[in-house]
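Protein chains: 2
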Amino acid sequence: MKLSIVKIGGNIIDKPASLNQFLKDFSTIEGAKILVHGGGVLASELGKQLGVVPLMKNGRRVTDADTLKIVSMVYAGSINKEIVAALQALKVNAIGFSGADGNLMTAKKRAPEPIDFGFVGDIESVNTSLIQWLMDAGLCPVVSPIGHDGNGQLLNTNADTISAELAIALSDLFEVDLYYCFEKHGVLNDVKQENSVINALSFNQYETMKEKGSIADGMLPKLENAFKAKKVNVNVNVWIGHASRCLLATQGKAVGTQILDQH
Amino acid sequence: MKLSIVKIGGNIIDKPASLNQFLKDFSTIEGAKILVHGGGVLASELGKQLGVVPLMKNGRRVTDADTLKIVSMVYAGSINKEIVAALQALKVNAIGFSGADGNLMTAKKRAPEPIDFGFVGDIESVNTSLIQWLMDAGLCPVVSPIGHDGNGQLLNTNADTISAELAIALSDLFEVDLYYCFEKHGVLNDVKQENSVINALSFNQYETMKEKGSIADGMLPKLENAFKAKKVNVNVNVWIGHASRCLLATQGKAVGTQILDQH
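Chain order of the listed sequences is A and B.
If you want our numbering, it's the 1-based position in the first sequence plus 4.
If you want our numbering, it's the 1-based position in the second sequence plus 4.
Incorrect hints may have been included.
No copy labels: a pair is met if it fits in one copy or bridges any two.
What the hints assert, rightly or not - Straight line, CA to CA, 20 Å or less: simulated DMTMM-like cross-link-like pairs of lysine to aspartate or glutamate:
| id | residue 1 | residue 2 |
| --- | --- | --- |
| 1 | K6 | D120 |
| 2 | K52 | D70 |
| 3 | K19 | D194 |
| 4 | K95 | E128 |
| 5 | K52 | D265 |
| 6 | K19 | D70 |
| 7 | K61 | E34 |
| 8 | K6 | E128 |
| 9 | K214 | D120 |
| 10 | K235 | E128 |
| 11 | K235 | D68 |
Please keep in mind that the hints were generated in silico from the structure rather than gathered at the bench.
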């Protein structure tokens, strides 16, 4: 059985018209599907309004207690519920999740060395039987990037990583297609040239580009996760592309960057 | 089959020690259970930090677009996820909900006359088959008071009303006990005397007290809802009491105020 896992990034979520069009496209995907969303831009905005300045290291947010509250509110509260309500209006039986809900995903607080990211977690386990059960019931999980450690602590968890970990965990049960949708048309050969999209990227090419420093900050965790999913199970198909076009790949069209396996 | 529906109020939620003790007590309730929470105090605090002043009419918040965003963040985001994570640590398989998630509850935006409450909704329907399915799976819904209209609009919905509507809708499928837990020891004969708790309150007594003006603002919707649930199905048992003691009623102990039927 086919399962589409779609990640939508923060730079689309903060633009209502783009988000609405994206959700319309998402609603037309047939079969089992999961939507994973970020929301960093809106979290930073709220943080600024509240006088909490976002601190980023290696493209990832450092999460102190105040920031954890902000991301819980923005990701699992307003963004998640607005998306779920919009999908319900589009006749998708969406149901919002954090990792804590139904124990969907447990995460482990990251060690404070070499960089202390604060209340940031890495996914440890995915509750695949819960997801199977949701799929059987025709529900569509909408996953916000908030994890929990099973001991009552919420943890900020990277949405790109969640998407890859879901793809990996579910690849035994489903034929998984993973889509990273954001504001670029794919992985760019030259970050200054929007039209320099690489149609297919191998791990070797990626390594070379990384060494040359030609991959921008936010793209690093995305590609790291994409190749991780591909490494664990080469049958997971991964695309990276623009929110307005990436889902055309569900119709077999060549769009954005397709991730190739290690060779 | 027995179902306990428990409402916990905003004046407990904002006190971590009280909330933790309450959740411990809640975790010991045997059988099917649903937790409904408010969070008005924390929403007002965030609103104040953001320069949005809360406006109340008849004990209910007036919800403009900014306020809707705030309550979505606070109720469905931070409070809901903190409670779910805490219950997971207590080995309750909690799963957070707004009305939009899985289309749990649809609400209708309240008519602007006689008072325009803004984005406030009244419950129209409850997805009882979804709840039955969650109960069969051993999940415990934790419901935040955010509804949706099915057309993509989130609506602020009173948590006391949600609790009563859930009790009414589920009373055909379950033997429902409904607990309103808050910071008072029950309905007070004299609002200035904390120890003047009425052990059992009939509808006639309530009407008389209301006429005399001896029921405080926040208690009005609670009692209105309690008697509504009782009127629709006299087999729904309703208690109102302090968060630290009200759940003792699950063990058959007499605590707080028990709501009697119409006679």
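Evaluated hints:
Proximity of K6 and D120 under a CA criterion of 20 Å is satisfied in neither setting, with 38 Å inside one chain copy and 47 Å between copies. In this assembly of identical chains, K52 and D70 lie within 20 Å of each other by CA distance both inside one copy and across copies; the values are 12 Å within and 16 Å between. Within a single copy, K19 and D194 get their C-alpha atoms no closer than 25 Å, and across copies no closer than 53 Å, so neither meets the 20 Å cut-off. In this assembly of identical chains, K95 and E128 lie within 20 Å of each other by CA distance solely across copies; the values are 18 Å between and 33 Å within a copy.
When the C-alpha separation of K52 and D265 is checked against a cutoff of 20 Å, the pair qualifies neither within a copy, at 41 Å, nor between copies, at 52 Å. Taking the closest pair of Cα atoms, K19 and D70 come within 20 Å of each other only across two copies (17 Å); inside a single copy the shortest separation is 25 Å, beyond that limit. In this assembly of identical chains, K61 and E34 lie within 20 Å of each other by CA distance neither inside one copy nor across copies; the values are 38 Å within and 46 Å between. Taking the shortest Cα distances, K6 and E128 never come within 20 Å of each other, neither inside one copy (24 Å) nor across copies (35 Å).
For a Cα distance limit of 20 Å, the shortest separation of K214 from D120 qualifies neither inside one copy, at 24 Å, nor across copies, at 57 Å. For the identical chains of this complex, K235 and E128 are intra-copy neighbours only, at 18 Å inside a copy versus 49 Å across copies, given an alpha-carbon limit of 20 Å. When the C-alpha separation of K235 and D68 is checked against a cutoff of 20 Å, the pair qualifies neither within a copy, at 33 Å, nor between copies, at 49 Å.
In this structure, the earlier hints numbered 1, 3, 5, 7, 8, 9, 11 are contradicted, and the remaining ones agree with it.
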